[in-house]
Amino acid sequence: MEIDCNGLSVREINRQIKEAVKTGEKEIVLLNPGAKHYLAAGVVGDVEIHVKGSAGYFAGTMVHGVRMIIEKNAGWFAGDNMTDGYIEIKGAAGDGVGQGIYNGTIVVRGNAGARTGEIMKNGTIIIGGNSDFMTGLYMMGGKIVVLGNIKGMAGESIVRGAIYVKGDVDSLGKNAKLVEITEEDEEWLKETLKAHDFPAFTEKFRKIVPIKKRFVYGSAPSEEG
Amino acid sequence: MCGIVGILSRNKKDDLGSLVIEMMKRLQHRGRDGAGVAMYGGISLKKDQYLIRAEILGEDLEEKQSAMEKITDLANRYGNVRSIRNVVESEEYFITDFLVEKVDDFQKVRKLALEIQGLENVAVLSAGKFEMFKDVGTIDVVDSIYGVSEKGGTHAIGHIRFSTESGVDRYHAHPFQSFLYPDITVVHNGQITNYWNTRKKLEAKGHYFTTDNDTECIVHYVADKLLDGYSLEEALENAVKDLDGPFAFIIATPDEIGVAKDKLGLRPAMVAEGDGMYAISSEEVALEPLELETEYLAPGEFRVYRK
Numbered sequence: 001m002e003i004d005c006n007g008l009s010v011r012e013i014n015r016q017i018k019e020a021v022k023t024g025e026k027e028i029v030l031l032n033p034g035a036k037h038y039l040a041a042g043v044v045g046d047v048e049i050h051v052k053g054s055a056g057y058f059a060g061t062m063v064h065g066v067r068m069i070i071e072k073n074a075g076w077f078a079g080d081n082m083t084d085g086y087i088e089i090k091g092a093a094g095d096g097v098g099q100g101i102y103n104g105t106i107v108v109r110g111n112a113g114a115r116t117g118e119i120m121k122n123g124t125i126i127i128g129g130n131s132d133f134m135t136g137l138y139m140m141g142g143k144i145v146v147l148g149n150i151k152g153m154a155g156e157s158i159v160r161g162a163i164y165v166k167g168d169v170d171s172l173g174k175n176a177k178l179v180e181i182t183e184e185d186e187e188w189l190k191e192t193l194k195a196h197d198f199p200a201f202t203e204k205f206r207k208i209v210p211i212k213k214r215f216v217y218g219s220a221p222s223e224e225g
Numbered sequence: 001m002c003g004i005v006g007i008l009s010r011n012k013k014d015d016l017g018s019l020v021i022e023m024m025k026r027l028q029h030r031g032r033d034g035a036g037v038a039m040y041g042g043i044s045l046k047k048d049q050y051l052i053r054a055e056i057l058g059e060d061l062e063e064k065q066s067a068m069e070k071i072t073d074l075a076n077r078y079g080n081v082r083s084i085r086n087v088v089e090s091e092e093y094f095i096t097d098f099l100v101e102k103v104d105d106f107q108k109v110r111k112l113a114l115e116i117q118g119l120e121n122v123a124v125l126s127a128g129k130f131e132m133f134k135d136v137g138t139i140d141v142v143d144s145i146y147g148v149s150e151k152g153g154t155h156a157i158g159h160i161r162f163s164t165e166s167g168v169d170r171y172h173a174h175p176f177q178s179f180l181y182p183d184i185t186v187v188h189n190g191q192i193t194n195y196w197n198t199r200k201k202l203e204a205k206g207h208y209f210t211t212d213n214d215t216e217c218i219v220h221y222v223a224d225k226l227l228d229g230y231s232l233e234e235a236l237e238n239a240v241k242d243l244d245g246p247f248a249f250i251i252a253t254p255d256e257i258g259v260a261k262d263k264l265g266l267r268p269a270m271v272a273e274g275d276g277m278y279a280i281s282s283e284e285v286a287l288e289p290l291e292l293e294t295e296y297l298a299p300g301e302f303r304v305y306r307k
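First to last, the sequence lines map onto chains Y and E. Last residue of the first sequence? That's 225 in the UniProt record's numbering, and every number before it is there in order. Last residue of the second sequence? That's 307 in the UniProt record's numbering, and every number before it is there in order.
Hints are computed from structural coordinates only; laboratory data are not their basis. Careful: at least some of the hints might be erroneous.
[Said to hold, decoys possible] Lysine-lysine pairs mimicking DSSO-like chemistry, simulated, CA-CA at most 30 angstroms apart:
#1 Y:Lys-121 x E:Lys-263
#2 E:Lys-307 x E:Lys-225
#3 E:Lys-25 x E:Lys-70
#4 Y:Lys-18 x E:Lys-108
#5 E:Lys-108 x E:Lys-25
#6 Y:Lys-207 x Y:Lys-121
#7 E:Lys-241 x Y:Lys-177
#8 Y:Lys-177 x Y:Lys-166
#9 Y:Lys-72 x Y:Lys-18
#10 Y:Lys-72 x E:Lys-25
#11 Y:Lys-207 x Y:Lys-194
#12 E:Lys-263 x Y:Lys-90
#13 Y:Lys-52 x Y:Lys-22
#14 Y:Lys-90 x Y:Lys-204
#15 Y:Lys-121 x Y:Lys-212
#16 Y:Lys-190 x Y:Lys-213
#17 E:Lys-263 x Y:Lys-174
#18 E:Lys-108 x E:Lys-205
#19 Y:Lys-52 x E:Lys-25
#20 Y:Lys-212 x E:Lys-263
#21 Y:Lys-204 x Y:Lys-177
#22 Y:Lys-121 x Y:Lys-26
#23 E:Lys-25 x Y:Lys-90
#24 E:Lys-263 x Y:Lys-207
#25 E:Lys-241 x Y:Lys-174
#26 E:Lys-263 x Y:Lys-166
#27 Y:Lys-177 x E:Lys-263
#28 Y:Lys-213 x E:Lys-263
#29 Y:Lys-190 x Y:Lys-72
#30 Y:Lys-72 x E:Lys-200
#31 E:Lys-108 x E:Lys-307
#32 Y:Lys-190 x Y:Lys-166
#33 E:Lys-307 x Y:Lys-72
#34 Y:Lys-194 x Y:Lys-166
From just these sequences and the hints, can you work out the full model?
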C-alpha cells in the first residue's frame, strides 16, 4: 500500500502504518515524506516500509521486526532504541544513528554524523562512508563497521562491543584501543559486508575495543586479564 | 532547543519572504517563545539613507508622540528624517520606522542608535539598510504583524525560539544586531557557556550589549573580528575555537551568510546548495521546499555563502 505523507501529520501517518500492519500488510510505501520526524516510530511487525525521500529525526525509533528503507537522508537518531529489524539509509545519516539499539541492523550507505551507536547494547551498524566525532560513545555491546574514516575520540568510554574501521581514525576516546582483527572477525566482516551489498572485502580492517570492560573515569588504563 | 534558518540567493527573489516563512513554519515545533527574521536586499535605500526601527512604549498617544519627537530631534542632529511610519500601532506601544538620510557614515548610525536606545521607553530593534522582524510567539504571529511573506530580498536569516537563556520578550527574540559593524545579525541555537567572560572582553573594546541573552555576544564577537580585518570565514573559524558550549549559529552581513557549529557537534545544522541558492537549517524538514542537495555540517565546521 502507499501513503502520501503530503499534508498528513506524523501522528496520522504512523496511525495508518500501524493499522495496515495489524491487517497483515507486508509492504508500505511512504510517498512525499518531506523529512518529517518520527516516521514509523514504534511500529512492531513483519513489514517493509519504503520511505521515498528523506526522513527527519528519530526515523524508525523503537521499531521491532520492521525492514525500513530510506531512499535519501535520515535526520538525527535514526533507529533510536530499535529492538530488532533492519533500517537502511541510502543517503547520509545525522547524529546519533542507532542510539541505544538493543538489536537489529542499521546500514547507512553515505556518511554518518557524530555519536554513531551511542550507548548501543547490541546489534550491528554499518556506515558506508565516514562516521563523525565520538563514534561508539558509551558503547555497551554490538558491532559498528565503518568503511570510511572515523573522526575524533572514537570509542569514547566504550565498555563492550567493537568498532571495525577500514579508514583512518583521527583519535581514540578514553578506554578505547585500536587492535588488529582476528580471523574470526575477518570472516564475520566478509559475510556481513557481502550480505549488505558492499564492495568485496579486500583491505585490512582494524578494530576499536575497550581497554577495560568496567571502565571507571579517572582510573589508570590497563589491560584486563 | 531553537530552530535556525538562513537563505541566500545570488539574485533578488520576490518570494524570499514566503520561502523563509515556509522554512520557519516547518521548524515551529522547536519552540514557541519567539520568532524573528532579518531580511536583506528588500528595501532600496540610497547610500546616505538608513532605516531605524524602534519600539516606543507609552501609556497614551501623547506619551508615544513625545518619544517620537525626541527620536526625530536626535536623528535630525545626525542627518535628516525623511519619513516616519508606524509599522505597528497598539495601545501599549508603537513599532516605528524612521528613514534617516544625509548620514554619510555608518559610525554615525551607530552613535544615533545608541542615543535613541538611551531614551526612556524606547528600544532600537534595528538600524541599517536591512529589515528586522521579531516578536514573541510563533512565526505566524511575526508574519501577521510584519507581512514578511510578502517581502522580497537577496538573503535572510530566521529563528524559532525556545527560551533557555534570558527573558521572553521582543528584545530577547533573535536575530540580534551589532551596531559596530554595518548590518550584521545573528540567529543561534544553543548556549554560549563562556558568555560573561566573552562579553566582558567585548565590552572593554566598545561593544554595546542591549540584552543579557548569550546569543548577543556572538554577533558582537564576529563583528569585532570583521572590524579587525578578518574575513567572515576567519571570524567563524575563531568563533568555533573561542566560544564554548553547544551551538549552531547563522550570521548575516550585507553580502553573505555564514554558519558555524560547535566543536562537539551538539546542535544540528545542515546546508543545501544549488541553482544559485544556498540555504541553512537546523533540520532537513525546513529545507525540503527548496528541493536542493543537502549536506550535514560536521562538528566544528563552518561555511560562508556569498552573493
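Restraint status (C-alpha distance of Y:Lys-190 to Y:Lys-213 at most 30 angstroms): holds, 27 angstroms
Given pair status - Y:Lys-212, Y:Lys-121, alpha carbons within 30 angstroms: holds, 17 angstroms
Given hint Y:Lys-207 paired with E:Lys-263 - CA-CA distance at most 30 angstroms: Holds, at roughly 25 angstroms.
Hinted pair Y:Lys-121 and Y:Lys-26, Cα distance within 30 angstroms: Since the Cα atoms of Y:Lys-121 and Y:Lys-26 sit roughly 28 angstroms apart, the hinted pair holds (cutoff 30 angstroms).
Pair hint outcome, E:Lys-108 versus E:Lys-25 [Cα-Cα no greater than 30 angstroms]: violated, 37 angstroms
Satisfaction of hint between E:Lys-205 and E:Lys-108, Cα-Cα up to 30 angstroms: holds, 18 angstroms
30 angstroms limit on alpha-carbon distance, applied to hinted pair E:Lys-263 and Y:Lys-90: Since the Cα atoms of E:Lys-263 and Y:Lys-90 sit roughly 27 angstroms apart, the hinted pair holds (cutoff 30 angstroms).
30 angstroms Cα cutoff - pair E:Lys-25, Y:Lys-90: Measuring from Cα to Cα gives roughly 27 angstroms; hence the hint holds.
Hinted pair E:Lys-307 and Y:Lys-72, Cα distance within 30 angstroms: Given that 30 angstroms is the threshold and the Cα spacing comes to 29 angstroms, the pair holds.
Distance restraint between Y:Lys-190 and Y:Lys-166, which requires alpha-carbon spacing of 30 angstroms or less: Cα-Cα ~13 angstroms, so holds.
Agreement of Y:Lys-204 and Y:Lys-177 with the hint, judged by alpha carbon distance not exceeding 30 angstroms: holds, 17 angstroms
Hinted pair Y:Lys-190 and Y:Lys-72, Cα distance within 30 angstroms: holds, 26 angstroms
Violated hints for the displayed structure, listed by number in ascending order: 3, 4, 5, 30.
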